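The hints should help you fit chain Z onto chain F, whose structure is shown.
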Amino acid sequence: QEEEEGPLRKKSSCFPHIATSQGMEPGQGELTPAFSLAGEWQGKMEEGKAYSPHGVFAHLEMLEARAHEADLKEEEATQQEEKLARLKARVQELTLQRDELQAKVDLQQKRQLEKEGVASDPAQPSAQAVLEWKIKRVKAMLQVFSLTGISGKLTKQGVCFCISTAYEGTYLDSYYLDLLTKPEVRILRHSIPIFIPLEQLAKKYLQTDIRRFLSVLSNHLNAYAARKYQADQLQEHFSDQIEGTLQTNSLCNLLVFNYNVPNKSKTFPFNVRLLYGDLCSSIPTKAPASLAEMAAAHSDLFCHVALHKAFRSFRNAGESVAGAP
Amino acid sequence: MDNSICQAYEDKIQSLEEEIKLLTEKYEDNQQESTFFSDEEILMSKKSFQREFWRESQGCESLSDLKAQLESLETDLSFLMKFTGIQFTSHSKKTVEKTRNRAVQKHRLSGNCHSLSFHLEFQLLEMQNKENVSVVVNDLSITMESGEESDVSKFVSSIEEHGNLLAFFRSLSSYAEWCEHRRCTFLHFKAKYPDVVTLPEGLLGDYIILRNSKHSGFELLVVWKIHIDEEGRTTPLLDLLTKVPEQVLEWKNPAIENAPAGFRSMLLLFGIEAAIENLIKVVSLEK
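So the sequence lines, in the order shown, correspond to chains F and Z.
If you read the first sequence in UniProt numbering, its first letter stands for residue 1, the second for the next number, and so on.
If you read the second sequence in UniProt numbering, its first letter stands for residue 1, the second for the next number, and so on.
What the hints contain is simulated information worked out from the structure, not anything from laboratory work.
Predicted model only: the values in this text are computed from it and were never measured.
Heads up, some of the hints might be wrong.
As the list claims (entries may be wrong) - Taking lysine to aspartate or glutamate and the DMTMM-like style, the derived pairs with C-alpha atoms no more than 25 Å apart in a straight line are:
| hint | chain 1 | residue 1 | chain 2 | residue 2 |
| --- | --- | --- | --- | --- |
| 1 | Z | Lys130 | F | Asp71 |
| 2 | F | Lys110 | Z | Glu18 |
| 3 | F | Lys104 | F | Glu93 |
| 4 | F | Lys136 | Z | Glu18 |
| 5 | F | Lys136 | Z | Glu28 |
To be verified - Which residues of chain F face chain Z? A partial, calculated answer using Cβ under 8 Å:
| hint | residue |
| --- | --- |
| 6 | Phe57 |
| 7 | Leu84 |
| 8 | Gln92 |
| 9 | Leu94 |
| 10 | Ala127 |
| 11 | Lys134 |
| 12 | Ala140 |
| 13 | Ser174 |
| 14 | Ser239 |
| 15 | Glu243 |
| 16 | Val272 |
| 17 | Leu275 |
| 18 | Leu279 |
Every residue, glycine too, gets a C-beta built ideally from N, C-alpha and C.
Chain F extracted, bound-state conformation (with noise of 0.2 Å):
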């Protein structure tokens, strides 16, 4: 409290001798403890002869520095206290609103659940919102166009597909094609990798068959979606069976890693080099690897199953090894 007293008495007694008073002399008056000021004028009086100038100026500069001091503090203590009160009256206001939603979405769900019938408000909806409403469901079910793999928009010159990949029940990249279909068709611009076989698919089938051209390409697409995928979680998952890092080509075809496998509290370093010969498959057609008996057995699976499949058997093949009674 003092601080904030203390200010505004310093803004109203500044200078009270000089200016103000009338038939006052310095050193009499009103002073607050915290104020020293006519003391001071009164020692340097006494001490430099009272008129030499820049003792006093050099006393008017410190004083004015004092007090414009005071008035900053004064002013941000008011500006602290304003933001404070504008701060507190917004969470008031988003309260309030958020409350009122609240309330609004309960009354919806109790509504829902008493069923009471599928029509919105008793009054008749504009055609605004009619429209509105038929928006997004359309746009809702070319959403889920986008999950069947091919998707897209007529656009002025022709179409823009958009190839979506999966592996299993995750989805993963979407790729762009802008085609134009006058006077022939032929792609604008697209967002295919380069190491995908594109010009060569779109020479052999674009022309004559549009659909089959997507459908193989979204093979190759996918294919690789699902090789870099296998790679990605053989890393996150499994970084304590590999050792150093994976290595593989830009187009996922080629993989060449040290793996070791646990087996009765030693562990056995192996090598692969796993190679996709097919561009349409997730799963090597050659995976040599070196060393013991083992290599050939897990040669075969790798050419069988999926790639982090494939470890999830070795870890559980291991794990039950080592657990057997």
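Frame of chain F, contents of chain Z only:
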């Protein structure tokens, strides 16, 4: 001290704003999902003319903008359905959970791909991670009209087990296209040679019988099965069965015994339509 109070207020404001955003979305989702307007109502709305200037001054989209947007979306949708052969007849979606980083929706979807109808139910989980949104399918359940066939039901079980919605549609497309191709081929031959060709199981069956109306004891049965494996690869399998009177069997005519093998070679050399056409010509011969 003041600063920490301010910060506390600001944090509270931010959390309230997020709550409001989520609640608004929840309210709108619920509204959307529990409302239904019939096609007539939609048509009427498209035709209605409201005071557009009032709307625009309110900052809302004008009615004509909405109409244009709806038409463009509907055109895209009907193009996709025609192009892919996948028609969705009904779709309902319910938001089960929605937080800042996570949304779960339950979908029910019915439709058909060419002549094969399906009904799907699944959950879609959308999660916001640092770079992008991940979408995962859970709890997939599929019912197919032609689900009695063992290979189709094995395929469907494998899809359901892995939640492989995308693979389902891709495989379904190629399977349905083959079925459609078979149906069209049967229809073509039935129309061209109505006396020779019969379809005991109709156009959607998997075999046709070729017989010469004059020599009714002799029949050629062309079986055309379309097989789908667990991974969704479709393979057409064609074969020929001959039905001859017992006396003819005793003659041990090599032509009849070799007929199936001959048919298979013809398939490889000339394709399905030409091979069947040749068989029909053979059967039609006055011999």
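Verification of the hints:
{"no.": "1", "hint": "Z:Lys130 - F:Asp71", "result": "violated, 47 Å"}
{"no.": "2", "hint": "F:Lys110 - Z:Glu18", "result": "holds, 23 Å"}
{"no.": "3", "hint": "F:Lys104 - F:Glu93", "result": "holds, 17 Å"}
{"no.": "4", "hint": "F:Lys136 - Z:Glu18", "result": "holds, 23 Å"}
{"no.": "5", "hint": "F:Lys136 - Z:Glu28", "result": "holds, 11 Å"}
{"no.": "6", "hint": "Phe57", "result": "violated, 37 Å"}
{"no.": "7", "hint": "Leu84", "result": "holds, 6 Å"}
{"no.": "8", "hint": "Gln92", "result": "violated, 10 Å"}
{"no.": "9", "hint": "Leu94", "result": "holds, 4 Å"}
{"no.": "10", "hint": "Ala127", "result": "holds, 4 Å"}
{"no.": "11", "hint": "Lys134", "result": "holds, 5 Å"}
{"no.": "12", "hint": "Ala140", "result": "holds, 6 Å"}
{"no.": "13", "hint": "Ser174", "result": "violated, 10 Å"}
{"no.": "14", "hint": "Ser239", "result": "violated, 19 Å"}
{"no.": "15", "hint": "Glu243", "result": "violated, 28 Å"}
{"no.": "16", "hint": "Val272", "result": "violated, 24 Å"}
{"no.": "17", "hint": "Leu275", "result": "violated, 20 Å"}
{"no.": "18", "hint": "Leu279", "result": "violated, 16 Å"}
Of the hints listed earlier, those the structure fails to meet are numbers 1, 6, 8, 13, 14, 15, 16, 17, 18, in rising order.
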